[in-house]
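S.K.: Going down the list, the sequences are from chains E and V.
Everything in the first sequence is counted per this note's numbering, starting at 105 for the first residue and increasing by one.
Everything in the second sequence is counted per this note's numbering, starting at 223 for the first residue and increasing by one.
Be careful, since some hints might not be right.
Said to hold, decoys possible - Within a straight-line C-alpha distance of at most 30 Å, the following computed BS3-like cross-link-like pairs (lysine-lysine) qualify: (1) V/Lys259 with E/Lys113; (2) E/Lys161 with V/Lys259; (3) E/Lys161 with V/Lys248; (4) V/Lys248 with V/Lys259.
Calculated directly from the structure, the hints in this document are not laboratory data.
Since the model is a prediction, treat every value here as computed from it, not as a measurement.
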Amino acid sequence: NAGVTQTPKFRVLKTGQSMTLLCAQDMNHEYMYWYRQDPGMGLRLIHYSVGEGTTAKGEVPDGYNVSRLKKQNFLLGLESAAPSQTSVYFCASSTLRGEKSYEQYFGPGTRLTVT
Amino acid sequence: QQPVQSPQAVILREGEDAVINCSSSKALYSVHWYRQKHGEAPVFLMILLKGGEQKGHEKISASFNEKKQQSSLYLTASQLSYSGTYFCGTEGAGGYQKVTFGIGTKLQVIP
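Please take these sequences and the hints and turn them into a complete structure.
M.R.: Following this line, the structure appears as structure tokens:
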């Protein structure tokens with residue numbers, strides 16, 4: 105049982121380049137999330153998904169797109185990277201209690217630097 | 223809105239106690255607590271649902287006052303392994319609501 109995995113672990117991009125971060129979970133969770141973590145800012149939600157084929161915006165969605173074509177995978181795309189997107193990105197998935205989220209399981213993170 | 227955590231940082235000696243507070247300006251359904259060690263992912267500690275329940279995890283417990291929209295995390299007889307950043311996450315009432323995290327409280331336990 106791998107839990108939540110993220111690829112890649114590290115990446116350096118030049119301004120304007122694009123990339124996709126992959127998140128996979130093997131716990132059959134309905135809900136999945138993408139967060140970014142910056143010093144002094146805590147965890148900020150970028151996008152989330154409440155089921156296969158659905159996505160929704162979080163607190164800081166600008167400059168990012170997501171897709172959830174399969175229940176176990178949640179992809180985060182940067183179409184044209186900017187230095188302001190330098191951050192640590194965490195993916196998470198959660199169990200449910202009714203329609204409420206419960207414990208979130210986080211992946212190990214991806215450290216992205218945009219120069 | 224992002225919940226407010228206090229203090230922002232605290233240093234303890236082994237065996238001392240600490241309290242971390244989390245307050246929100248909106249009506250809450252639940253409060254989540256996570257701990258993140260340096261260079262690692264956040265790890266779930268506990269969730270408190272409206273109703274004022276108090277939960278425990280090892281020597282870490284928490285309370286939730288839904289009327290005041292506040293939660294407190296209590297760390298008793300702290301151990302070196304308690305060092306890390308503690309985040310509270312708040313969830314509003316009514317259907318599915320996103321969990322919004324505070325900026326965290328950095329806790330350092332020294333010998």
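S.K.: With reference to the structure, classify each hint as holding or not holding.
M.R.: The hints, checked one at a time:
1. V/Lys259 with E/Lys113: 17 Å, holds
2. E/Lys161 with V/Lys259: 28 Å, holds
3. E/Lys161 with V/Lys248: Holds, because 20 Å separates the two Cα atoms, which is no more than 30 Å.
4. V/Lys248 with V/Lys259: Within the cut-off at roughly 29 Å; holds.
The structure agrees with every numbered hint stated previously.
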